Each structure stands twice: as structure tokens, then as C-alpha cells.
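Top to bottom, those sequences are chains H and S. Heads up: the first sequence begins at 37 in our numbering, then just goes up one per residue. Heads up: the second sequence begins at 37 in our numbering, then just goes up one per residue.
To be clear, the hints were calculated from the coordinates, so they are not data collected in a lab. The reader is advised that the hints may include incorrect statements.
Copies of the same chain look alike in the list, so a pair counts if it fits in one copy or across any two.
List time: in silico BS3-like cross-link candidates among lysine-lysine, alpha-carbon distance up to 25 Å [to be verified]:
| # | residue 1 | residue 2 |
| --- | --- | --- |
| 1 | Lys333 | Lys282 |
| 2 | Lys38 | Lys282 |
| 3 | Lys258 | Lys299 |
| 4 | Lys258 | Lys163 |
| 5 | Lys113 | Lys289 |
| 6 | Lys299 | Lys289 |
| 7 | Lys113 | Lys175 |
| 8 | Lys38 | Lys299 |
| 9 | Lys175 | Lys282 |
| 10 | Lys175 | Lys299 |
| 11 | Lys113 | Lys333 |
| 12 | Lys282 | Lys113 |
| 13 | Lys299 | Lys333 |
| 14 | Lys289 | Lys175 |
| 15 | Lys38 | Lys289 |
Keep in mind the model is a prediction, meaning the values are calculated, not measured.
Protein chains: 2
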Amino acid sequence: MKVCVVGCGAVGSLFAANLAQLDDVEVWAYDASRAHVDAINANGLRLSGAGEVVGRLRATTDAAELPACDYGIVATKAMHTEAAIAATAHAFADGFVATVQNGIGNEETLARHVDRVIRGTTFPAGKILEPGHVQWDVKGDTTLGPYDDGTPLDVVERLADACTRGGMPTTAVQDARGPQWRKVIFNASTNPIGALTGLTHGRVCERPDLRSLVTGLVDEGKAVAAAQGIELDSDPEELIDHAAQKHVAYDHKASMLQDVEAKRQTEIDFLNGGIVRFGREHDVPTPLNAAIWALVKGVEASWQQ
Amino acid sequence: MKVCVVGCGAVGSLFAANLAQLDDVEVWAYDASRAHVDAINANGLRLSGAGEVVGRLRATTDAAELPACDYGIVATKAMHTEAAIAATAHAFADGFVATVQNGIGNEETLARHVDRVIRGTTFPAGKILEPGHVQWDVKGDTTLGPYDDGTPLDVVERLADACTRGGMPTTAVQDARGPQWRKVIFNASTNPIGALTGLTHGRVCERPDLRSLVTGLVDEGKAVAAAQGIELDSDPEELIDHAAQKHVAYDHKASMLQDVEAKRQTEIDFLNGGIVRFGREHDVPTPLNAAIWALVKGVEASWQQ
């Protein structure tokens, strides 16, 4: 089986290095960073932290080098999906392309370029320490499911099985929208609040006024999910309260806060922006998500004078 | 007539220096800044910019020095009203105390300490350049009106007449809530958006997503005003669009943005916070103002580690 990880940042690297442990999987990585690609080709792709792994794989910045692959696993930031899949689609002419990205709308973007798409949500996280070396912060589950009738469930199961055997526990389900929307609602209701205020997750949650805003955002997200017939696999509120505990993620700075502090474009268009767009399609009002979306876009705009 | 300006910052100084031009008015100023008070007593209070004025008056940091006054004009930041009137109330035992502060709720605070209160709203603005010297940025009108039955209109008219003769055009009306709520709605719907995003007023208004959020905030404020039977003297939306023009206030950084950049406590409790509180009293939902209030309080909290 040939698998190409498209976007070999922190999350992409977790999949690439772990899948590369398997004898029956040939792993490729497509990434924009020349330094990262060179380091991977020279010394392998190393993970440290939650697991110690070195994966041997082929990495490239040149999509033309990619062979025909059975599977793609797209792990770019959501705003780079379009460019990444436009460049690499030829490698998946006979294959299936899964997304394990944040946010909603990535499947739709992929489906404009390739015929067979796999929806996905993943919870493991990490960060790039240096080219070729990624810190694996947290382990966690991945859920994959067919995006539409073009993708049979057994094809999804085959990829999930490989990921699981490689060390990334993955479940294949017929409808993967439940975990996806739970994660999107969690992220959209907490990350931008941290980004706009500068507060860690725990400090956001211990302020009754902000915690109430978080619930307002969650409720809109739940309503949009319900209008699509999506059953959340659990309540995002539980995940939020769990993460707020001192020994869990009280001191965690949301990735979007890290983006804002570094003046990097955020994934807001695919979080709150996605909830607003799907809400409009299903006549569900989302005024709080629209407000938060506009504010974070305003912050991004303020970096351009 | 003896008048004491309580809080002799930029706006208080405009009233104090202009009133001091009148032979029939003795002006006192109570302020917390020793340097400002000393400079005023030594060299007078100087205004430059929209008008060139030097006012001779008595300033003090010690409320015990204040004589019995006919009028107070409270011009502190709204969060300092309580402390300022608690210290100075004795000087107004037989007088009337007007507020020309930002926000709503200041009259209520004054009325807990003095019997006769005058509601007010003022549009002139400036900034302190150095102790004893204030830049007068914009001229503008002031509206005063009785807070309740304890204050006859002719008493308000007498103060308005003095202000007008001194160079601060002021109108006395029976119900001053219209201009007050127009200004509060304007400020609450635009200042915090600038503060949260870092954008100038014009840049906020030219982004359709943020402009739409501004309108959402305005609409909630209008509903809360209407529920109290307040007729706005004009539509805050017009003021917002007018100010957004290139030659008016396109490049203006909201005072709340300046506060946030300097990590100074903002007046958010008396703007969006005031709208939310009055909304609750009159069963008018204000979810967007509550969200903005919570976010700015969160920003303030982020300055304390």
C-alpha cells in the first residue's frame, strides 16, 4: 500500500512516521518546507515524547515526484488545503484521499479535485521541534468515514487498519461527522476566546462571563449539527470542562492564541466560519459564531497596515 | 456661582478652563494627580488646539479643601465615580452634581451619595499633554437634564447657561437620556471592536463582517433604550458612518484601544456592561453586548498573571 501524507507538519508527521513502521506500507510525504523534507530524507522522521519513533520515508517538495498512491492523508492547515490538493491530485487519480485536518469544509475542497474522499478527525497533537523532528504531545484517537457514496466503507477500514497497526488508533465508521463536529464545536467555542483575550483554556473557563459565551457558541454549533442530522458522539461541554482542569489543559494556550501572538493566519474560517456557513445553508442563526469569526478576521487584518 | 469639576482629566479640564473665563463663576478642580494640580495652581489650566484658553482656578487633591459648591461636574473615568463622589459629596450638600462622563450608570452612583443629580452627555474631547496643559481635539455639544424630580429644570438651565457662556455649548432638556443613549450605543458598538481587533474606526467600518457586528450591537442597544421609553435624538448608525469617513475619524484609534494597548482598565462595564444590565432589567436580550463585555473583561484579566 502506498500512502502519501500531504502536509507533513506536526500532525502529518505523526501519521507519516508511524505508518512508516509497517512493512506493507510505503510512505511518502509532500511538504512545502525544504529543510524538513531534506532532514526526513537524510535521517528519517523522528517523533519524541508520547512515543519514540523514527520513520523511514520519502519526502518531497515537488508534487511531480509523487507516485500513484492508494491513499492520501491531508494534514495541512485548513487554509492550505486548496493549494495542496491542486498540486498533488494527480497522485490520487486511482486512490482515496482522507483529511485529518481541523475544521469543516476540507472534504468539500478535496472533492473539487479528487473523486474519492474520506472524512476524518484526529485528536493526537504535537509540534515541530526542528526539521525532521516532531514532539508528540498527546496520543489520541482518529475517526475516518466515507465522505459520500464514492467511497466504500471497506476502503476506509483498510486505511484505518494500517494507521492502527502503525500506532495511531483509528476507527472506520459510516458517518464520521459526529466526532468531527464535536471537535469543531470544541475548537470554535474555545480557541478564538483564548486568541481574543490572551487567556489560557482554564482561565477562560473559570470566568463565568466567558464560560457563558463559550456555551452560547457551543449551543449554536450543536443546533447547526442537529439541523444536518448529525449526532455528536459526546457533548462538547464535557470535553471543555474536562480540559479546564488544572492537571489537564488549564494552562494550555489555544493554538489560535499562539497563531495570533505570532501574527500567523488562523484557521477561524474553517471553525466559526464553517459553522456560520453550514448554519446559513440550514437556516440556523449563528450570531455569536459570526461575531467571533469577524473579530478574529479583524485581528488578522490589523497586521496589514 | 461656585462650580467644582471632579476629575480634571481631558474632558474635565475643558469644562474647568472654559468656565474659569467667566467673572461670575468661581471654579475649583478636584483631581488625583498632584503634578496636574500643582501645575494648574501655579500657571493656570491651559487648553490648546480647537481653542486656546488659559483658565485661572483652584485645584486640589484634597477633598477636604473644597468649599460648599453650587454645582459639581463629574468627569472622571466611569470606574472612578464611586470613589470620587464619596470623597467630595460634602461639598455638594446644598448643590447639584452633574455627570458628563461616558457610559451609563454614573447617575445612579452619584445618587447614592448626593441628593440632586444632573444627567449629562458631552461630545468634546481632548487629551492631557503635560500637567496643566490639555489638547482640545474636538469641540462639540453638551446636553444636561434632571436625573429625577429632585432637580428642577431651571437649575439645570443655569449650569447650561454658564457652560455655554464659557465656551462649551450646552443645552438643558427635560429628558437627556436620548443623547446619552445615542452616545453610549455609539461607543459600545464601536470602541470595543477597535480594542479587540486593533483596527481604527474606519477600518472596522469598511469590513462588512465587522460592520454587521456593529449593527448587531447597535440594534440591541436601541431595543434596550426603546424598552425604557427613551427616544434617541438621532440614529447611532449615522454617527458611525459619518465618523468612518476618511476626513473625519477613519484613522481614529478608539480610546478603548488606546487603553488596551496601554493595559489600562477600560470603561467596558459602563458601556456594553451598562446595556446588558439595563437590558436585564427590562427583559431585553443582549447576547452580543454580553459577548463583547466578557471578551474585553477577559483581555483585562489577561494582564494579571
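Now the hints, each set against the structure:
1. Lys333 with Lys282: between (31 Å within a copy, 22 Å between copies)
2. Lys38 with Lys282: Neither, since 42 Å and 58 Å both go past 25 Å.
3. Lys258 with Lys299: neither (30 Å within a copy, 36 Å between copies)
4. Lys258 with Lys163: neither (30 Å within a copy, 47 Å between copies)
5. Lys113 with Lys289: within (18 Å within a copy, 33 Å between copies)
6. Lys299 with Lys289: Both. Shortest intra-copy (15 Å) and inter-copy (20 Å) distances satisfy the 25 Å Cα cut-off.
7. Lys113 with Lys175: within (19 Å within a copy, 50 Å between copies)
8. Lys38 with Lys299: neither (37 Å within a copy, 54 Å between copies)
9. Lys175 with Lys282: Intra 19 Å, inter 52 Å, cutoff 25 Å: intra-copy only.
10. Lys175 with Lys299: For lysine 175 and lysine 299, neither the intra-copy (28 Å) nor the inter-copy (38 Å) Cα distance is at most 25 Å.
11. Lys113 with Lys333: This pair counts as within: shortest intra-copy Cα distance 16 Å, inter-copy 30 Å.
12. Lys282 with Lys113: neither (29 Å within a copy, 37 Å between copies)
13. Lys299 with Lys333: both (12 Å within a copy, 22 Å between copies)
14. Lys289 with Lys175: within (18 Å within a copy, 45 Å between copies)
15. Lys38 with Lys289: For lysine 38 and lysine 289, the Cα distance exceeds 25 Å both inside one copy (36 Å) and across copies (55 Å).
Taken one by one, the earlier hints fail for this structure at numbers 2, 3, 4, 8, 10, 12 and 15, listed in ascending order.
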